[in-house]
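Student: What follows is each chain in one-letter form.
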Amino acid sequence: MKRIVAIALACAATLAALPALAQDSLAKIKEKGVLTVGVKNDYKPWGFLEPSGKIVGLEIDLAQAVADKIGVKLEMLPVIAANRMEFLKQGRIDMVLATMGDTAERRKIVGMVEPNYYAGATNVLAPKSAGLKTWADLKGRKVCAVQGAYYNRRVTQMYAPELVVFPSVPDALNALQGNNCVAFLFDDTLIVSTLSGGDAKWAGYEMPLVSEDPQLWAIGIRLEDMDGPFGKLVKEMSTDWHKSGKLLELETKWGIKQSPYLIETNKKLKGGA
Amino acid sequence: MSDMIAAFFERLNETHGLNFSVFYDAFDRARFITGLWTTSYICVIAIAASLALGLLGVWIAGGQSRIGRLIVRGYVQFFRNTPPLVQLSFFYFAVAALLPTVSDGFGGRSPLVSGTGWAIIAFSLFAGAFNVEIFRAGIEAVPSTTVEAAESLGYTRLQLYIHVVLPLAFRICLPALNNNLINLVKTTTLAYAIGVPELHYAASQIWSESFNVREMMNVLLVTYVLLVAILVFVMGRWERAMRIPGYTT
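Going down the list, the protein sequences come from chains A and B. Read in order, the letters of the first sequence correspond to residues 103 to 375 in our numbering. Read in order, the letters of the second sequence correspond to residues 137 to 385 in our numbering.
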């Protein structure tokens with residue numbers, strides 16, 4: 103009998119503790135001692151695998167900076183476009199730093215931290231022999247893409263290519279190399295860094311079109327964290343990265359051409375200060 | 137009628153946040169129907185081809201040629217003992233590169249076999265390997281006395297198979313065959329890994345844009361239950377039609 107009472111009391115205590123667990127993410131992260139971040143591991147040089155198997159990249163540096171600021175360990179969980187928002191909602195990760203485009207649709211589900219830390223636009227990677235000149239040339243032709251990318255739908259509706267969509271970037275790039283499609287639809291930032299990487303297998307390829315539909319990238323956190331201490335902390339850090347020029351430095355560190363968006367935001371924030 | 141359904145699901149989304157976009161968004165619906173069509177198409181062809189492969193394999197395996205028997209054994213071991221997803225990727229990413237290319241109609245070159253083509257080939261071979269073994273089990277269960285009796289009546293090997301062995305063997309192996317074909321229908325979801333626009337692919341396209349994972353998961357599950365139910369119904373009818381009163385195993 104005593105035992106049953108003890109168990110019942112323990113249960114009651116657990117239940118009472120539940121609402122406390124559901125609150126403030128920052129306190130929770132500190133308590134756990136770990137910040138779990140959803141990152142890309144196939145998006146060079148933002149988040150990719152080193153030969154040793156470690157995930158490194160520009161976004162990883164940013165994630166590390168946030169973890170250091172809070173004073174906890176960084177844990178990285180590789181995500182793909184199709185699952186990252188669901189992971190965040192379910193609480194499997196505290197933050198998304200995975201080349202995520204900031205769209206009005208997504209803002210209903212995920213908190214997007216401002217100022218946005220990066221900006222990209224849509225383009226294609228294609229062999230020079232394909233002879234693509236304008237977006238309209240894609241009509242009716244097979245174009246490789248990656249699941250969950252925001253531009254898939256827009257490009258399909260506007261230019262009517264036959265999209266062949268793969269689970270990850272390496273799959274799609276493999277398919278492109280195997281001539282399974284005439285072009286690879288993706289973010290121009292990745293295409294530029296792929297082409298400038300000096301890899302011989304991309305020597306015959308180019309980015310033939312004019313980039314379209316510029317899109318800001320944002321760090322994603324849960325909506326309820328947006329006005330909480332965790333959201334405030336990330337927001338402050340993002341502002342600081344722009345102001346101090348850390349983002350521009352990181353671009354140089356990872357061999358990315360300085361993007362107009364970063365230069366502009368850096369000037370704007372510096373001027374305001 | 138279809139307007140009413142669309143209006144109902146649109147309202148359901150506004151009032152309860154249950155976003156079944158396939159029922160009111162024309163773009164999503166078109167994608168889902170393409171997926172349904174592709175899946176059905178792959179299933180029908182792969183089922184037919186795997187049955188043909190099974191019959192051919194078991195015919196060769198029971199024949200005189202030693203090389204033929206070895207080839208069938210090798211085929212069964214290879215396709216039965218490796219994961220279908222690996223086979224699919226192997227065909228699409230490795231084998232395809234070795235084959236000649238054809239003109240893509242735009243002045244470029246494209247591979248001889250499309251993603252859907254490879255999916256059909258890989259799934260047919262995969263299910264065919266199991267079918268060889270299923271048919272073998274059926275044939276071995278036919279009483280040897282029955283076979284000997286037919287032989288003594290002067291049947292050739294082909295006649296013996298067509299008139300005596302296969303009709304009995306088929307009845308014995310139908311339950312196992314059912315299992316394998318149902319499995320084949322479910323295995324077709326793997327084709328999404330090589331960009332074949334089947335059901336799973338269509339659904340994941342939709343949920344990664346509309347963020348309605350839960351709703352689409354349910355639609356997907358119900359659709360597969362229906363697809364398998366059709367197959368089970370057809371196979372069940374066949375099984376009943378072939379029943380011989382008094383002959384049970």
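Hints in this document: simulated from the structure, not taken from any laboratory. Keep in mind that a hint or two might mislead.
[What the hints assert, rightly or not] Beyond 12 Å from chain B on every Cβ pair, some chain A residues (computed):
| # | residue |
| --- | --- |
| 1 | Gln259 |
| 2 | Tyr261 |
| 3 | Asp273 |
| 4 | Asp301 |
| 5 | Glu308 |
| 6 | Ser340 |
[Stated by the list, open to error] Coverage of chain A stretches by chain B, computed from C-beta distances (three or more under 8 Å per stretch; other residues unrestricted):
| # | stretch |
| --- | --- |
| 7 | 180-191 |
| 8 | 350-360 |
For every residue, glycine included, the Cβ atom is placed at its ideal position computed from N, Cα and C.
Student: Confirm or reject each hint.
Tutor: Now for the hints, and whether the structure bears them out:
| no. | hint | result |
| --- | --- | --- |
| 1 | Gln259 | violated (7 Å) |
| 2 | Tyr261 | holds (14 Å) |
| 3 | Asp273 | violated (7 Å) |
| 4 | Asp301 | holds (18 Å) |
| 5 | Glu308 | holds (14 Å) |
| 6 | Ser340 | holds (24 Å) |
| 7 | 180-191 | holds (count 4) |
| 8 | 350-360 | violated (count 0) |
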